[in-house]
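K.L.:
The lines below spell out each chain.
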Amino acid sequence: MNNRRDFLQKSSILALGSLGVLSIPNLLFGNKNRVDIWNAPAIISLIVAVAIKQGMAKDLINLNYKEWRNPDQLRAGFASGSFLLSSSPVNVGLNLANQGLDIKMLNILTNGLNYIFSKDKNLSSLKDLEGKKLIMAFKNDLPDIVFRSLCIKNNINLDKINITYVQTPPEAMMMFLKKDFDNILISEPMGSAMGLAAKKNGVDIKRALDIQKIWADTFKQAPIIPQAGLIVNGSFYQKNIEFFNTFHQDLKDALIWINSSPDLAAQFGSKYLLVPQPAIKEAIAYANLRVDRCKDISDNLDRFFSIIYDINPKLIGGKMPSKEIYL
Amino acid sequence: MAGILIIKNYSTILLRARESNLYTTLNAHTTNATPYRSANGDKINFGYNRDGVNLILGYVFDPFNEIKFSFLEDNIKNDKQPQHTMDLLYTRRYVSKINYRFGFNDLSDTLNFDLSYIKLDREADNFSNRQNNANQVKMRVDRDIFNTSVKYDKDILSFHNLIGIGYTHDNHIAKRYAKANNQSEFKFNGYRFPDIEVDEFNLFDTIKYSISPAHAISIGLEYDYNKAKIKALNDVVQSNGVTNITPQIIWQNHYGDIFDGDINQDALSMATRYDFTPDDTQIYSLSLESIERIPSNDERFVSLNGTNAQGWASNPNLNPERRNRIKTEFKLKNSNFIDYMSSKFDNDSWQIGGHFIADWANDFIILDRSKSIATKGNVISRNIDARLYSLNGNLSYNFLENFGFKTNIYYNYGENKSDNRPLYQIAPLEMTLNLDYQNYTKFGKYSIGAAMRAVASQNRGDFDKNSGLGIDNKTGGFAIFDLYASIAIKGNWGARFGVNNIFNKKYSEYISGSHVEAIEPSAVDAPDRGFYVSFNGKF
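Protein chains in written order, with our numbering: chain A, 836 to 1162; chain B, 217 to 755.
To list a few chain A residues with every Cβ distance to chain B over 12 Å, as calculated:
(1) Gln-908
(2) Ser-959
(3) Ser-960
(4) Lys-962
(5) Ile-996
(6) Tyr-1000
(7) Phe-1054
(8) Gly-1069
(9) Phe-1071
(10) Asn-1080
One side only, chain B facing chain A, incomplete, derived with CB under 10 Å:
(11) Tyr-275
(12) Phe-277
(13) Asn-281
(14) Asn-321
(15) Ile-554
(16) Asp-562
(17) Lys-661
(18) Ala-704
(19) Asn-708
Capping the alpha-carbon separation at 30 Å, the derived lysine-lysine pairs in DSSO-like fashion look like this:
(20) A:Lys-1034 x A:Lys-1013
(21) B:Lys-658 x A:Lys-893
(22) B:Lys-296 x B:Lys-259
(23) B:Lys-706 x A:Lys-893
(24) A:Lys-1035 x B:Lys-424
(25) A:Lys-1013 x B:Lys-424
(26) B:Lys-587 x B:Lys-403
Because the hints were derived from the structure by calculation, they are not lab data. On a predicted model such as this, the values are computed, not experimentally measured, just so you know. Glycine residues also receive a C-beta, built at the ideal position from the N, C-alpha and C atoms.
When you get a sec, could you build the whole thing from the sequences and use the hints?
P.N.:
So, in structure tokens, the structure goes:
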């Protein structure tokens, strides 16, 4: 009996000891309140991922990287209150705010990452797209809005461009490479990934039109496309201003690191953006990555939104933003 | 893009370029390996000098036409091999290959044409790189292999069919020369390969049927026809009084057969495989194989005369070997697992995998010792029946964002069922463990890690020349520990450094490796504790 009792006692001690060992990570790394940062499957998420990993803000709030799959999930997340902080195309954030949700625009992480790739070596202007086939993903999403704005302003006859819309960028990419589409409008890093795939398959394509440059030439009063950034629940922001100030600096430091170490950034980014490392590295050079507080570039944001508003107010929720939305 | 990597005695430079249609890779390398000390301070006369280049040049005409040329040159000089009785003075290999693809890159409707040529020159001796007061022996090897094949891949509904035909021409000659201490010149005294010409034709077909995304069945068939001719069958390699020794006589002495030097053999192989992939995180497979293999040149054409058990006459009339195998594999992983030390979003993740192979071999080919009075102790080759089993398990676990742990266990078992004794050179139980940490920092990235390799003692093998070949050496079990670290600065410059065998463990490997004269290897102690550092750059 004694032996049996000893055995049970020792077993209990061993079991508790094992649990103790398992709990070491929690003891070492603490159990702060955790906040999910929701991210787009796009190159701007690299800045956020690096900031979470290397920055100081994670010492204030335990940060967790999450990814949304499509803008519908983003909208539903904020509507239900399960999203507090997320990357977002600027029009989606403004739309949500204009629908009465407590959403603020925190920053802009890219000044545009859209390009038109072409199989036509002579394509040099939007006008050359007339009479040709163009494929792109996400009808009425920001790249489409930007493209249509440019065409309207430059008197390009959209009816003369044979546009095909598909559900996802990878689908657009595969159809462009395999079928007889002349041109594709695509964002980074998918554009760079497509360039690599084209080389492998012997398809001769070129990065023909820089949408950002055409935008700057077309809309001289608003020469920048503040395409996407982070949006945040307003009351969550007010309760954690110190965290957000720190996080902003983390994002700026992250961008410096990415630009100075593109190879390492691509290596790191391959865990967050499921495209090949060489594509991520090339995309960094073409993604116009930025870290700008919205309140610091509010005039530019207003000018950009006014252009969209003039084309179709519904695209930004029916009204121009108030200054209070910019944090 | 270009890069350079320099490790203590190893330098390499790599150039890569890819344009829309043209791509190329060029690599050049040199190695200078030197003698080392074992853990008990003995100097081991090991080392070699090696240099070479690799070139790949490809041109993609359009999505349906691609041509690729590959070239490899590899030179090894003064390859000191303390485990064997001879060292390689030099080995030169040139490999040229052209591939032309016509059709889709995804092999859905694609014709592939391959043409390759391999040129091998080699010389070995037992005196240039070691102390030798006995008779001097050297071996000279020339080999030319030409290969061509045409393969056609075609998707038909849920079927993928690959059909192909191949042809290989192999010309292989190796001569042995010897000189006694009191002689001034080497005399030709034997053929390791008596000018062999082999023509082999292959016809193969594989059908894969995807029943659904989760289930697939493959069936493969291959027929090989091998026609070998011994051109130096009756060359006199030695005179023994009034008797001239030729390869024909050497084989006749060992096997009693007289033949005309032509051997025609064929082999038919069949295999089927079932793949079950219920989702991205699970892969299972089961293979049933019956593979017939025509004996290699080593296994049937060596004809070296010798006394006192120094001869080697492999049997030209060996039967093809048939391996009837069951193989099952699996891999399970967490949905976040990308690779070891790489998880989606840096979440914790894991992967486990393993395989089991059971192999019932008929006419399994082994080397053995002659038991007949006239040739007793000489090396021969023969067919036996054998059983082989192989078991592997592995686990990788990425945790706490920066850590990784992985382990791998291997176990192999081989039994000569004809003689009820172990097969030779079957690796003992082995386990490896790695624990790594890596982090990205302001200056770049750094990592540190530790590795352990534990190998069981080997008391099961072919140790005795009187009962078997006697090629194996009993070795003790050992566990060695390594530490290593690396640092990358801004992605362009980096360094690696570490300590191998940190506890200065004395040990030797059980597997000897193949060699031109690798029938009596001796156990050689591995290096003692060693420090290393390497630098690399990219520009």
